[in-house]
Amino acid sequence: MAPQQQQEVEVVVQQQQQQQQGERGAAAVSLRVLLFAGARELAGTAEGVLTGVPARTDVDHLLRRVTEAFSLGAMSGAFILALNHDYVMPGDQVRVRDGDELAVIPPLSGG
Amino acid sequence: MSLESKSIFQMEKEIADLRELLRSKEQELRVLKECEGSKTHLSVEKLSKDDIERFSRQIIIPSIGVKGQQLMKGASVLIVGAGGLGCPAAQYLTGSGIGHIGLVDYDEVDRSNLHRQLLHSQENIGVSKVSSAAEALRRLNSNVRISEHSLQLDSSNALNIVQQYDVVIDATDNVATRYLLNDACVISGKPLVSGSALRLEGQLTVYNHHQGPCYRCIFPKPPPPETVTNCGDGGVLGAVPGVIGVLQALEAIKIVLGWTGVLSGQLLLFSGEQSTFRNIRLRAKNPSCDVCGDHPLITKLIDYEQFCGAKATDKESGLSLLKQEQRVSPETLHRSFICKNEGIVIDVRDSEEFNMCALPNSINIPLKKLEEVTTIQKIKEILDSRKKNEENFPVYVLCRRGNDSQRAVLKLEQSLGNENVAVCDLEGGLHAWARAIDSSFPIY
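Here the protein sequences come in this chain order: A and B. Residue 1 is where the first sequence starts when you use UniProt numbering, and the numbers rise one by one after that. Residue 1 is where the second sequence starts when you use UniProt numbering, and the numbers rise one by one after that.
Don't read these hints as lab results, they were simulated from the structure. Accuracy of the hints is not assured; some may be wrong.
[Unchecked claim] Computed footprint of chain A on chain B, listed as stretches where at least three residues anywhere in the stretch have a Cβ under 8 Å from a Cβ of chain A:
no., stretch
1, 48 to 59
2, 77 to 88
3, 225 to 239
[Stated by the list, open to error] Derived Cβ-Cβ restraints for the label pairs, each shown as a range:
no., chain 1, residue 1, chain 2, residue 2, range
4, B, Glu20, A, Pro90, 53 to 61 Å
5, A, His61, B, Ala284, 20 to 28 Å
6, A, Ser71, B, Phe307, 25 to 33 Å
7, B, Ser275, A, Asp92, 25 to 33 Å
8, A, Ser76, B, Leu29, 15 to 23 Å
Where is the CB? At the ideal position from N, CA and C, for every residue including glycine.
Model the full assembly from the supplied sequences, consistent with the hints where possible.
Laid out in structure tokens, this is it:
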């Protein structure tokens with residue numbers, strides 16, 4: 001087997017292992033991120049993906065990651081996160097699966 | 001002025017005077033009726049013939065019935081903000097037979113309100129929003145008692161007003177008033193139906209209802225002012241606050257009826273673009289919340305403008321970032337740019353606004369693009385082709401009201417430092433231009 005092919009096989013095996021681990025809640029997953037109101041403006045997009053999120057993590061980690069990935073620094077601390085339609089609180093431990101929906105919700109104030 | 005326009009002007013004035021007279025007569029009549037009513041001790045809860053005929057379509061719903069209609073007749077709802085949310089909310093609450101409705105707003109009807117604030121008519125431009133809305137609501141149902149609070153809600157008056165009502169609707173347009181209303185409702189023990197809308201998005205939830213969370217439980221920290229967009233700057237499609245305002249009326253009615261399906265502890269996100277409603281389950285009440293927690297730090301109303309670092313209105317106040325010699329008046333700009341064809345004019349509004357109306361031969365470069373290298377390169381190319389060897393070639397910068405233009409001047413002075421140009425902004429923006437030079441130019 002050529003070295004490159006061997007490398008590819010290794011990557012596939014690694015991914016399979018990660019997936020299996022993911023089912024047990026230990027590896028990294030991707031989240032579908034929805035951005036609302038001012039977060040959408042700052043990020044310049046209504047939707048994105050956050051990759052490499054540990055399947056067992058805490059909300060502070062999610063906050064950090066999402067702030068960094070979508071340039072939300074300017075409104076840090078002034079938005080909430082909802083995981084699959086449920087509010088999650090800083091300090092909470094959460095389990096996430098591939099494709100879970102993470103919503104970034106700052107308050108709207110216009111009327 | 002021609003003879004025709006003189007008589008048009010005369011007639012418009014006569015009609016306006018008659019309207020004013022009508023308004024004061026109606027007010028007199030109301031006072032008389034209220035005196036009469038209190039003498040005869042009419043039971044507020046007893047349904048009249050008018051009530052039964054008017055509300056029969058909702059009374060026959062089994063979960064409402066006569067009892068529900070009586071509850072509504074005996075109930076009072078305060079609506080804070082008679083704008084895009086408050087108008088539809090007030091309309092449906094008045095229609096449904098809520099006995100007493102309070103309206104709070106400090107503002108006057110403006111032409112730019114009319115696309116979404118449908119209680120106000122174009123004849124009422126310049127009239128206080130509260131009296132304009134009250135007038136329309138009384139035409140809809142003259143039996144409903146409408147209390148007019150034509151004032152800016154603040155820490156000195158909020159508790160006194162809020163305490164007079166059973167349910168409060170937050171239909172305001174700014175962060176400071178939202179925190180003020182939240183705290184006033186927590187302190188007075190009133191449920192708060194909170195709605196908001198911008199562009200094509202809306203949010204709705206009920207705070208402080210049956211031990212549910214309050215605004216501060218969810219958003220303890222106000223957003224940094226620079227991340228807050230108001231309807232005047234961001235825009236709003238009228239039907240979007242329409243949807244949210246109607247839902248606010250519905251939630252208020254459900255609270256009055258004592259129903260269980262109230263949107264407390266949940267946040268409804270509405271997308272007008274996708275036609276979707278997303279229901280987010282919120283946290284329970286926060287035991288360490290500053291106002292509704294077990295040991296509250298806030299037991300009386302505070303200074304909310306200071307807390308939020310922003311004014312309690314949706315109107316941006318005038319910035320003053322530049323020296324006077326960096327600013328030009330509309331008259332100076334007219335003489336120099338229009339009459340003598342001197343310099344260039346950069347309009348830093350967004351392209352949508354520029355496409356609505358702009359000065360002839362002005363160049364549109366939105367503020368947020370001013371830091372891009374390609375933009376600066378483009379400006380330099382324009383300057384190369386225009387200024388030849390002129391010293392202090394004028395670069396005039398303008399925007400809608402003269403705030404962003406000042407920010408833009410500061411940026412351009414850095415990037416065009418070596419270009420031998422004099423960068424100035426139009427003081428007061430296109431609003432000032434319309435007032436001083438061209439009355440046909442739209443003020444929006």
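Do the hints match the structure? See the list:
no. : hint                             : verdict
1   : 48 to 59                         : violated (count 0)
2   : 77 to 88                         : holds (count 5)
3   : 225 to 239                       : holds (count 8)
4   : B:Glu20 <-> A:Pro90: 53 to 61 Å  : holds, 56 Å
5   : A:His61 <-> B:Ala284: 20 to 28 Å : holds, 23 Å
6   : A:Ser71 <-> B:Phe307: 25 to 33 Å : holds, 26 Å
7   : B:Ser275 <-> A:Asp92: 25 to 33 Å : holds, 32 Å
8   : A:Ser76 <-> B:Leu29: 15 to 23 Å  : violated, 56 Å
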